[in-house]
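Engineer: Sequence:
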Amino acid sequence: MRNVIVKTGTTEEFFAQVRETAIQLDRGEVPKAEYTLTFEDPGDMFAVMSPARLELFRAAKSDPSSITAIAHRLNRDRSTVKKDVDILVAAGLLNIEDVPLPGHGRQKHVRAAADIIQLQAVVA
16 MRNVIVKTGT TEEFFAQVRE TAIQLDRGEV PKAEYTLTFE DPGDMFAVMS
66 PARLELFRAA KSDPSSITAI AHRLNRDRST VKKDVDILVA AGLLNIEDVP
116 LPGHGRQKHV RAAADIIQLQ AVVA
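Numbering (the numbering used here), first residue to last: 16 to 139.
Since the hints were derived computationally from the structure, they do not count as laboratory data.
Any given hint might turn out to be false.
[Claimed, not checked] In the DMTMM-like style, the derived pairs of lysine to aspartate or glutamate whose C-alpha atoms are separated by at most 25 Å in a straight line are:
hint : residue 1 : residue 2
1    : 47        : 35
2    : 76        : 101
3    : 76        : 41
4    : 76        : 35
5    : 47        : 78
6    : 22        : 35
7    : 98        : 35
8    : 97        : 59
9    : 47        : 92
[Said to hold, decoys possible] If you anchor each label on the Cβ, the simulated ranges turn out as follows:
hint : residue 1 : residue 2 : range
10   : 139       : 32        : 16 to 22 Å
11   : 138       : 87        : 35 to 41 Å
12   : 139       : 119       : 52 to 58 Å
13   : 44        : 18        : 18 to 24 Å
14   : 112       : 34        : 17 to 23 Å
15   : 87        : 65        : 18 to 24 Å
16   : 53        : 123       : 27 to 33 Å
17   : 119       : 28        : 17 to 23 Å
18   : 91        : 28        : 31 to 37 Å
19   : 63        : 27        : 20 to 26 Å
20   : 112       : 56        : 30 to 36 Å
Small disclaimer: the values here were computed from a predicted structure and weren't measured.
All residues carry an ideal CB built from backbone N, CA and C; glycine is no exception.
Generate the whole structure from the sequences, applying the supplied hints.
Structural biologist: As structure tokens, then:
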């Protein structure tokens, strides 16, 4: 797993970081292994990283299981949890893994894609 930084920043800051990473690679250096998700607007960041979605992330990290099982553990509606899972998968914070079921079929399990999510918001 990896650490994820979810932060606010400008487009210029984002591309400056990309340039710095490219320079490191050109020099043969290994850049820091981190995944950064950047939002220009703090409101957008907190819309994606809502308290319910953070709770969902923690549940998937502590006990990876099906959407139905996680929804039951969190006392939430399955369809709402499914929507939140889709958003967190698109953001790279959760993974869906196909696992075999003993004796019959397969089941999709939700797993955390990170050990830690660091939230950083700067409002100027």
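Engineer: Next, verify each hint and record whether it holds.
Structural biologist: Hint-by-hint comparison with the structure:
1. 47 - 35: Roughly 11 Å between the alpha carbons, so the hint for residue 47 and residue 35 holds.
2. 76 - 101: Answer holds: residue 76 to residue 101 is near 16 Å, not above 25 Å.
3. 76 - 41: It is violated: about 35 Å lies between the C-alpha atoms, which goes past 25 Å.
4. 76 - 35: violated, 31 Å
5. 47 - 78: violated, 28 Å
6. 22 - 35: Holds, because 18 Å separates the two Cα atoms, which is no more than 25 Å.
7. 98 - 35: violated, 35 Å
8. 97 - 59: holds, 20 Å
9. 47 - 92: violated, 38 Å
10. 139 - 32: 16 to 22 Å: holds, 18 Å
11. 138 - 87: 35 to 41 Å: holds, 37 Å
12. 139 - 119: 52 to 58 Å: Because 56 Å falls inside the window, the suggested range holds.
13. 44 - 18: 18 to 24 Å: holds, 19 Å
14. 112 - 34: 17 to 23 Å: violated, 34 Å
15. 87 - 65: 18 to 24 Å: For residue 65 against residue 87, whose Cβ atoms are near 20 Å apart, the range 18 to 24 Å holds.
16. 53 - 123: 27 to 33 Å: holds, 29 Å
17. 119 - 28: 17 to 23 Å: violated, 51 Å
18. 91 - 28: 31 to 37 Å: holds, 35 Å
19. 63 - 27: 20 to 26 Å: Given a distance of about 22 Å, which is inside 20 to 26 Å, the answer is holds.
20. 112 - 56: 30 to 36 Å: holds, 32 Å
The structure fails to meet hints 3, 4, 5, 7, 9, 14 and 17 from the earlier list, while all remaining hints are met.
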